[in-house]
Structures are given as structure tokens and as C-alpha cells.
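Asker: Residue numbers (our numbering), protein chains in the order written: chain L, 1 to 207; chain S, 208 to 673.
These aren't lab readings, by the way, just hints derived from the structure by calculation. Values in this document were obtained by computation on a predicted structure and should not be read as measured data. One or more hints might be untrue.
Claimed, not checked - Distance condition first, Cα-Cα at most 27 angstroms in a straight line; then the derived BS3-like pairs of lysine-lysine:
1) K551/S with K571/S
2) K571/S with K507/S
3) K76/L with K275/S
4) K73/L with K275/S
5) K110/L with K76/L
6) K551/S with K507/S
Claimed, not checked - Some chain S residues well away from chain L (every beta-carbon gap over 10 angstroms; in silico):
7) L516
8) N651
9) G656
From the three backbone atoms N, C-alpha and C, an ideal C-beta is built for every residue, glycine too.
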Amino acid sequence: MKLSQLIALSFATLPFIGGLAHAADAAAEKADPALQNTVQTCAACHGASGRSVAPTFPNLAAQTAPYLEAQLKAFKDQTRGDPDAQAYMWGMAAPLSEAMITELAAYYAKQTPAKGTGGDTALIARGKEVFEKGIPAAQIPACATCHGAHAQGMASFPRLAGQHAPYLLKQLLVIQSALRNAPVMHGVVKELTRDQMLAVTAYLESI
Amino acid sequence: MRYTYSLGGPWALPVLTILCFAAVDARAVPSFARQTGMACAACHTVFPELTPFGREFKLNGYVMDNIKQITGIDAANRSTLSLNSIPPLSVMLQVSYTHTGAALPDSAATGALAKDGDVLFPQQASIFYAGKIADNLGAFMQLTYDGAADHFGFDNTDIRYARHFNLGAEGDGAKVHTLIVGVTLNNNPTIQDAWNTTPAWGFPYSGSNTAPSPITSTRIDSGGGGLGQNVAGLGVYAWYDSSVYAELSLYTAAIVGGAHPLDSTQAQVAHGVLPYWRLAYEHRWDRNSLEVGTYGIVAKQHPGNGLPLTGIVDQYTDAAVDAQYQFIGEDHLFTVLTTYINEKQKLDASFANALAQNQSNTLKTFKLMGEYYYQRTIGGALGYFDITGSTDALLYAPAPVGGSANGSPASSGITAEVNYLPWLNTKLQLQYTHYDKFNGTSNNYDGSGRNASNNDTTYVLAWINF
Numbered sequence: 001m002k003l004s005q006l007i008a009l010s011f012a013t014l015p016f017i018g019g020l021a022h023a024a025d026a027a028a029e030k031a032d033p034a035l036q037n038t039v040q041t042c043a044a045c046h047g048a049s050g051r052s053v054a055p056t057f058p059n060l061a062a063q064t065a066p067y068l069e070a071q072l073k074a075f076k077d078q079t080r081g082d083p084d085a086q087a088y089m090w091g092m093a094a095p096l097s098e099a100m101i102t103e104l105a106a107y108y109a110k111q112t113p114a115k116g117t118g119g120d121t122a123l124i125a126r127g128k129e130v131f132e133k134g135i136p137a138a139q140i141p142a143c144a145t146c147h148g149a150h151a152q153g154m155a156s157f158p159r160l161a162g163q164h165a166p167y168l169l170k171q172l173l174v175i176q177s178a179l180r181n182a183p184v185m186h187g188v189v190k191e192l193t194r195d196q197m198l199a200v201t202a203y204l205e206s207i
Numbered sequence: 208m209r210y211t212y213s214l215g216g217p218w219a220l221p222v223l224t225i226l227c228f229a230a231v232d233a234r235a236v237p238s239f240a241r242q243t244g245m246a247c248a249a250c251h252t253v254f255p256e257l258t259p260f261g262r263e264f265k266l267n268g269y270v271m272d273n274i275k276q277i278t279g280i281d282a283a284n285r286s287t288l289s290l291n292s293i294p295p296l297s298v299m300l301q302v303s304y305t306h307t308g309a310a311l312p313d314s315a316a317t318g319a320l321a322k323d324g325d326v327l328f329p330q331q332a333s334i335f336y337a338g339k340i341a342d343n344l345g346a347f348m349q350l351t352y353d354g355a356a357d358h359f360g361f362d363n364t365d366i367r368y369a370r371h372f373n374l375g376a377e378g379d380g381a382k383v384h385t386l387i388v389g390v391t392l393n394n395n396p397t398i399q400d401a402w403n404t405t406p407a408w409g410f411p412y413s414g415s416n417t418a419p420s421p422i423t424s425t426r427i428d429s430g431g432g433g434l435g436q437n438v439a440g441l442g443v444y445a446w447y448d449s450s451v452y453a454e455l456s457l458y459t460a461a462i463v464g465g466a467h468p469l470d471s472t473q474a475q476v477a478h479g480v481l482p483y484w485r486l487a488y489e490h491r492w493d494r495n496s497l498e499v500g501t502y503g504i505v506a507k508q509h510p511g512n513g514l515p516l517t518g519i520v521d522q523y524t525d526a527a528v529d530a531q532y533q534f535i536g537e538d539h540l541f542t543v544l545t546t547y548i549n550e551k552q553k554l555d556a557s558f559a560n561a562l563a564q565n566q567s568n569t570l571k572t573f574k575l576m577g578e579y580y581y582q583r584t585i586g587g588a589l590g591y592f593d594i595t596g597s598t599d600a601l602l603y604a605p606a607p608v609g610g611s612a613n614g615s616p617a618s619s620g621i622t623a624e625v626n627y628l629p630w631l632n633t634k635l636q637l638q639y640t641h642y643d644k645f646n647g648t649s650n651n652y653d654g655s656g657r658n659a660s661n662n663d664t665t666y667v668l669a670w671i672n673f
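Next comes chain S alone, as it looks inside the complex (with noise of 0.2 angstroms):
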């Protein structure tokens, strides 16, 4: 969670919670390199996206390795342990730059602007165990410093089990299928994905926590309505002959932070159990794989905020499309990522409680992204967005720079970047965010004389992994 400026007045809470909408969580471990003996191009073309190898990785539970384990066996020879000799311990290290079209209203002084062109020193420090734990069990775990927010927070994790089974005869030419079957215990839906067309692990990789972002997005969307880091999930999934993948798991609430147990204090409280899909089909053809899919979850929310966690609640219908083509050349590597996210909201807590004025709402998000690599080295990305949704003039209501003066969530623009990558495990990056609409839409969206173009944003990025 990134709260970059305050705003006072009754808007305030919704306001910062959608700033954190554009608190990307990307990462790429060197202890998975340590664990394998290989290097970050058999994982990622470029770190954090995957290559088939590094989902075959992922869904195998975190586990292949190739140094020295301490190992404990029973009486009937079963493995009691296997601890790797060195733990899989990393770094990760962000450092940025971020400049808008034009400077935000300072926080406390009326009429004042902010100082125009942030450095964040760190913007983000994290530290990882991802690797092996037990034979067949590893984890993605990580411990995040933010640098706006000046604490050490609990970020994305990933526990998982997993069994690799073959199926049918070997030799005499007859086709062998492997399935690899998992279990998962994770704290964001889609966390545990492994394809980068879902939020979690999608585009843009990183981006300014400073700058403005837009009023809303789906709840499955990267950590909108606070489904990230404030639920646990546990699922059950089945890889078919690397080509078929189905999962489904079930979260509920589990807030970090804040009132323990969980009351009227807390903020977006998930209600019983969320169901989350997914299936997805990879298809792989010489240096080509090409994966369609759907995702989706159903969430059931108490507003809280002063609200008690009882009674008629607000849910939250996502379903969601994808499609994933990468092209790994020895030379050019290619990606294109996209989807489509479909939301339907029935808001019957918020409107009986005068924070919705409509009792169904619907959200869209369309995002689309192109990418291209030489050698791993220097390439560039262009993506679109587009969120668009019903008008409502309480949820999405009037305030400076965070608000929207006709009710509507809309924005749309282009992030474009360029990436530099001196070694394997790190990456200076200049991005660029252009808005057409912003909340809703071009010229004085906020009803306090801002334009989209003015939250255009340039963002400069050191991201380093070791």
C-alpha cells in the first residue's frame, strides 16, 4: 500500500486506496538462479517475464535444484528433508525518478505546489526466500521496504506443493503426458499465475508510486479494492502435458495491519469465501508459444470504514479474458500481452449507505502490450489501457487531482518504455505514461481545473536484483 499524498474531505479514503492502483509487485529472484546453477534467460527473456521453462519452474513448486541439500530420511527410506545448504535469499533494489506534466497540489499548504520531479531512494527494497523448502514444496516469499511509505511490509507470496506424474508408456514411440498436480496457499489473486497477461505479474513491470493513477480498477486488478496482500487463498491446480492448465482457488479476508480480529475499522473486508478461476491453453511451436485463457473471481465485500462487518454486503463479479504470444529468438525476442476484464458490481452495501449512487455498476478494463528485446539486452514496450465503466457520482466523485467531476471512471492512455539491461540481473528503464482521459475525461476532469495531460509521467528506473 502506497499512500503518496494526503487529501482531506470525505473522499479521502477512496482516493488513496485507488493510488495504490498503480503499485505494480514484479520480481525476478537470483536465488532461483543460485538453487538451479542457471542463468536468468532460462527463467525470464527479461526479467520478471517468464519463458515456458520458467513455468514449468513455477508450477513444479519452486523445487528443481542442483546444490548440496541437508537431508533427513525415516526407516522406510522416505525423505523427511531436503533443505538446500545455502538459503535462497535475495535482493532487490528500486531506485526512481518521477516528473509529471504538471505539479501536484501540495499537501497542506492551500494553493502551494509540490516540489516537481521525485527521487525515491529506495522506492522499493525487498528481500526474497524464494526457492526449495522440502522435497516437492517451495515458496516465493517477500519482505518489502517502501520507500513512500517508510515501513517494511509483508509483500506477494507464494507457497506451493507440487507432484509431476507421467502418464502412459514410455519408448516404442508412444506419447508420454505429464501432469503436474499443485496445491497453493497465496496472499493475491494471480500471484500464483504463470503467464503475465494477469495482474499481478502484468504490465507495466514497474511504475511510478508517486504520480497519479486512475480513480478505480477491478478488484482482480493489481491490487484494486485491496484484494493484494489482504486476503489468503488456498488452490488446488493441474498442469496437463504443458499445455492445459485449470485452478481454482478460494480466498478470504486476511488483512495485514489494523484492527485484529477484523471490524468496522477496516477498510474493503472480503465477506466468506471468494472463489477464483482459472483455465488457460499454451500452445508451443518452434521458438513460439502462444497461451489463451480466462480468469476470474467473485467478491464479496463489506465496505467497513466505520460500517460493521454484518449484514448486506457488496459483490464483485470479475471475469476476464487473456491471450499471451512470445517469440524467443536467439537474438529477437518478442512478447504481446493482453486482456480484457469484465466487471460487475452489485453494491448494496455502498448504496444503502450512500456511497454508491447506483446499486449495479459495471467496470472494464482493456490492456494491451507489445514488447520487443535484442540479445536480452536493450528493447522497449508500448501498451494501451482502457478502464471504462457506469457513472456514478458517489463513488467516483469530485476532488482535487485523485477525483473525477463527471462521475465517471474512465482513462485511457499509452505507457511506453524503453529498457536497458547491462547484465542479466539488471535494468534502467525510462517510461513514459501519456493519459487521453483521465477520470472520466481530457480537460478539467477533477472540476478543480486539472487536465489528463498533466498527470502524464515520466519515470526513470534503476531496478536491480542480486
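Just chain L, same shape as in the assembly (with noise of 0.2 angstroms):
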């Protein structure tokens, strides 16, 4: 190919570009702009409608809007402090307003949840049994009591359906030992053991 033609080509693709961009930005017009640009920073991480691949970031898609407002303003006043909320969530949160928080709140809660993944299925039935029992011998009531009977949440405690397991375990871990701030999860979970989550965790993740 002659550059004359090259050069005449990647000129001819502009309007395709274009035509693109038109048609992206006639979407976006429909919802808040400002919204918008916000979402698309948090997509990086949390993936397309909250929706994340990397376990490392959690599913934001179908979480109850007060546990996200919550967190948002632990992450801006860096109340939470984790290590991943520290690395990542201070700096993103900083900068957002009371408002756009609750905006991104209503925002998730709305999207459609991820759907949740198989496992090692003896592990997810001992995980089950942990959800909707507790660990009677320990005094660890069941989760399903504060989360909901499907793990949906409820008010400001959160969904963990469909979350994926790797990040249950750590905010689990973070808990325990108080690195995230949690009183009363604190409590609940300061005599679970790791296997204990890693079953509860695998059943979370799988529906």
C-alpha cells in the first residue's frame, strides 16, 4: 500500500470514529453527565455497570445503596482503612461530593447483579450450611440474618451474592483483625476460621 492511500485510509475511518462518538455521546445525554464521567472512572476497576473481572475489586452491580454510600464516605474520610481501601479507594473517593455519592449509590444498586460462578460443590454445601446456620458451638450466628436469606443485603448490610470469593475473604480477614473497621462484623466473625470462610466464601460466589 502507497502512504498516499495509507494516509487517505486512516482519514476515511475518522467519520467511522466520529459516527461513534455521536452516537455514544446521544447516550450518555440521556443520563447526568456529570454521573456518567464518575461511572466511567469506577468501570476501570469495577468493570462496565459494576460488573468487575479481577476478584481483586469487588462487584458493585445490585449492592444496596446505604452500604455503598457508607463505604464511599469511610473511603473519603479514610475511616476505612484497609490496605486495598487505602492503596485504591482513598484516592478515587476524595474528590467526590455528598451528592455524587448518593447519585453513585442509587447508581449500582440499580444494575443488574453479577451472576454467580460454580465451585467445589462439597465446599459451597459446608459454605451453605455456615450462611444460613451460623456456627452455633462458636456463637457465630447465621449471616443470613443480618444479609438476607439470598445473601441480597439488606439496608446497610451488604450483598455478598454472586461477590467474588477471593475479595469476601479478604474483607473477612480484614475484619478479624481489624485492619477495616467493622464493629459489629468484627464481633460476629473474631472465631471463624479460615477454612470456615473459605466454604462461606465459595457458597457466596456461587449464587
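Reassemble the complex: the two chains are provided individually, in unrelated frames, and hints are given to aid placement.
Answerer: Below, the structure written as C-alpha cells:
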């Protein structure tokens, strides 16, 4: 291909890019542009519509709005101190206004949740047992009591269904070690063993 | 450009040009961390290697921010200014020690040897402006002091404009597609790339600039043939759904220093417009990401260096494939990088002026590297490199240390390194490079009695960014 043809081709593709951009702009106009801009930033880690790929980053889709709002505020005022919160979210949440936090929480709450993914069935069955019945011998109450029978979350108690197991495991560990400040959960999980954590997180990821 | 020691005779220019091969420019900049409020680990596994999020940040134009902006709007409420209240400046310092298998010849006293064991303080010291300039506009700009050359120079620069779009309807579970469209203005083909397989950001991320390095490299490879910092390029790219990347850039000669307008005193001057292309596909799952791609450039060049910049030219066509795999776990991080570059050389100008023996040559480079880190703190890498190509007794002529006795550019070996990062922005490195072959063969490769293993290099580096 001659260079002149190559240049002609590159210019020929510009209207195509422009057309896509125009279509995208039209779609974005329907929603609040400030919210759209912010959601695009979130999407870099949490995925389009809040369904993430890497388990370092939690799914946000269908998370309860009060929980999301509380966490964003805790990142912003730096009261949620687990290592990943510091490394990633303190910075990201710092410029968010109170109004934007509310909008973001509402936006993610109404997205379609991530689908559960299967795994070790025996482990999942053990996890289901922990989730639904707790561990009476260790005085650990059933998770379902607060998080809902289907782990769908209730108000400020977060949705856990379909969440990445490694993310949930890490949260249980940082709450247990009090790196993440969560007084109610700290009391609940302080006697939970690592094996029990692995089971219950595998179950939650599967539903 | 780093000239480490002088060699006389007609081979001086090619040999010195070739010594620049080892000049690796690879960076990570704390000003991005200041701008985003995120730790290095968000964008880098271990600097300068990018994570998937780092790629998003770069392709979005370096503009994600969370610090106070100085803003301006016009009557239509359009943003006319959005400037970081703190300038996104960073400093990089490299201090290094180099020891080669056998001492190098003295640059002036015939038969004598130079001191073996060379400390550079600094090897390089750089100042960066790296961050947002305005809405959708960001820059990565580097000024570097080179300790061996003893001067400040304009180093890698990439200024980009990017727009992000969501395609498709929100909600109801409908798939939303993302598209980033951008423009890059830069001075080194592949500096704009988001993967660590391409030369500008490839392995090794740092190496000695005083040890001998192979006689040649492909045009697209790090600084080889004088493209890096000697061209200006404008490109357009699209990044669709964080999976498909396409770019077309056009470069032209823009040599820093020397005679301007460019004339016969300059060497390896790009002729006309050099098209560069890049296509890549990335798949992400769980903690893994896998990229496969292709890139290349068609570079027409005047040999210059005494020859006028008119008439017939040399044409280098580089076509390359690459692949990258990353696993980013909580404790364990793995990376595999590979690239294969195939260069076809049509050396009409060099041949006509008795600078090349053949009118057509080939040159091929293969690189493969594997890396492991534990908790981003301690780790190591092992890399293999292999350069092969046509034998050409004029291009690759005999000369002490830097030349080739048999006219072959064949060089191969391994680079092994151990790295310790006491902090995320400080890397302490011990690197060893072993050559099986150097400039054609293992024993007496230069015709002056030097063996490939005499160039084996021990390199100790302290690399600090703040």
C-alpha cells in the first residue's frame, strides 16, 4: 500500500470513529453527564455496570445503596483503613461530593447483579450451612440473619451474593484483624476459622 | 544517546550508534500517584510494568485525578481550564555499578585497559511532568541527565488526548460497551504503547549503559537506528471494551541537536512519513490477563553522516508479533513477555555508497522473559534474547569490542535479575547478562581476540522515584 493510500485510509476511518462518538454522546446525554464521567472512572476497575473481572475489585452491581454510600464516605474521610482501601479508594473517593456519593450509590444499586459462578460443590455445601445456620458451637450467628436469606443484602448490610470469593475472604480477614473498622462484623467473625471463611465465601460466590 | 568510549576509524559511527542499544528508558512516576491518590500498585505490578488498570489510565490520557483543580468555564459552561493545583512533577534517580567479564580497552592508550568496575552517580537523573494538562488532555514528559554523556536531554515524551464513551443501553442487564478514542503526539515509536512487550517499555527495564551491547538492533527496537527521540509522531487509537486496541501513527524526522534544518551532517535521518501500526487483543479473567498483538513500522532513512539527504534511501520494514501474560495475585505476581521482530532491509542508499555489502538484508529479534514477585517486594526475572540476520561485512565490520569478525550480527544470551523493593517506589537490582554469542560468534568475535563471554555484565542498580 502506498503511503498516500494509507493516509487516505486513515482519514476515511475518522468519520466512522466520529459516528461512534456521536452515538455514544447521544446515549450519554440521557443520563447525568457528571455521573456518567464518574462511572467511567469506576468502570476501569469495577467493570462496566459494576460487574468486575478481577477479584481484587468487588462487584458493585445491585449492591445496596446505603452500604455503598457508607463505604464511599468511609473512603473519603479515611475511616475505612484496610490496605486496598488506602491504596485505591482513599484517592478515588476523595473528590466525590456528598451528592455524587448518593447518585453513585443509587446508580450501582439498580444495576443487574453479577451471576454466581460454580465451584467445589462440597465446599459450597459447607459454606451454605455456615451462611444459613451459623456455627452455634462458636456462637457465630447465621450470616443470613443480617445479609438476607439469599445474601441479597438489607439496607446497610451489604449484598454478598455473586461477590468474588477472594474479595470476600480478604474482607473477612481484614475485619477479623481490625484493619477494616466494622464493629458488628468484627464481633461476629472473630472466631471464624480460615476453612470456614473459604467455605462461606465459595458459597456466596456461587449464588 | 549514550556514548561510552571512543573508537577510531571508519566504524566509529555505526559502532557508537549500536552501543546505544542498551539505552533503556523505562519509567514510573510518582506524580501520577499524587494526581490520582492511588498507590503505585494500582497502575504497576512493579514499576514500570503496567497492570490492566495502568493501561486504562494511560489510554484514558493520564487524566484521572482527585486533586484540587484550577478551573475555568466559558459562557456556555464549557470547561476552558482544568489544571492540577500541584504540578505533577517527579524525580527519578538511577545509580549503578557495571562490571564486565573482561576489562574494556583504554579509549586512548593503545594496548592498555580501562578500569573494570564502573560506578555512575547518576547513571540517569530525570525530571518528569506526568499528569493532566486539561480535561481529556495529559502528558508524560521527561528530561534526563545522562551521567556518562554528561548532559541534559529531551527524553521520552507522550502527549495525549482521549475521550471515553459508553455504547449501548444501561440497565436491564444489557451489555454496555466502552470505547476510548485518543490522539497521541510522541517522540519514540512504542512509547505510547500500553503493554510491556513492545521495545520502549520492554525488558530489561534498566541495563548498563557502559557495557558493550550487540552491534545492531531492528529500527523499532529501543533506540536502534536512531528512531527514539529522533522522530515526531502523531497517531490515532481506539480501545474497545478494554479488549481490542488499534492504532495508526505517522512519524517524521525530528532529530534533537546538530544541524537544523537537518542536513548531511546528521546520521540516519528519517525520510518522509514513517507509518507505525499496532493491533492488540487483551482478554482478562479472574486475576489474569493475556494479550496478543502485532506492531511494526516502515522506516525510510537517509544514511547521512556526510551523504546528502537526497536521492535513494534505505528502507526498513519491521513487522512484529507480541504476547503478554500477567497474573496479579494478593501475594504472588507472574508475568511473561515475548516478542518477535522481523525486519526486512532494502539498503539502496547504503549499498550505493559502499556502507553495506548487500542491497537486501534481514534482521530478526526474539525476546522472551518471565518474572515473579512476592508481595511486590522481592522477585526476579529471567530473559532470553536472540538476534540473527544476514551476514554483511560492511555493515558489521571487524573492530575491537564493538565490531564483528565474520560480518554477522548474531547475538544471543540471557539476562537474569533479582530485585528488592523496600518501598513501592524504590528498586534495588542485581542483574547479570550472559552472552552465548556476540556480534556473530562466541570466540574472538571482533577479530581482536575478545570472546562473547568477556562482555558478560554484572550490573547493580539503585532506582528511586519520588
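Asker: A separate judgement is required for each hint: does it hold in the structure or not?
Answerer: To see whether the hints hold, each was checked on the structure:
With a C-alpha separation of about 9 angstroms, the suggested pair K551/S and K571/S falls inside the 27 angstroms cut-off, and the hint holds. For the hint linking K571/S to K507/S, the alpha-carbon distance of about 18 angstroms falls within 27 angstroms, and the restraint holds. Only pairs whose Cα atoms come within 27 angstroms are accepted, and K76/L paired with K275/S is accepted, the gap being roughly 14 angstroms. A distance of roughly 18 angstroms separates the Cα atoms of K73/L and K275/S; the hinted pair therefore holds under the 27 angstroms criterion.
Annotation: proposed proximity of K110/L to K76/L holds, straight-line Cα distance about 23 angstroms (limit 27 angstroms). Distance restraint check for K551/S and K507/S: the Cα-Cα separation of roughly 12 angstroms lies within the 27 angstroms cut-off, and the hinted pair is therefore satisfied. Listed as a non-interface residue, L516/S keeps its Cβ farther than 10 angstroms from every Cβ of chain L; the least gap is roughly 18 angstroms. Distance check on N651/S: its Cβ is at least 44 angstroms (rounded) from any Cβ of chain L, clearing the 10 angstroms threshold; non-interface status holds.
With 10 angstroms as the threshold on Cβ separation, the claim that G656/S sits away from chain L holds: the shortest Cβ distance comes to roughly 47 angstroms.
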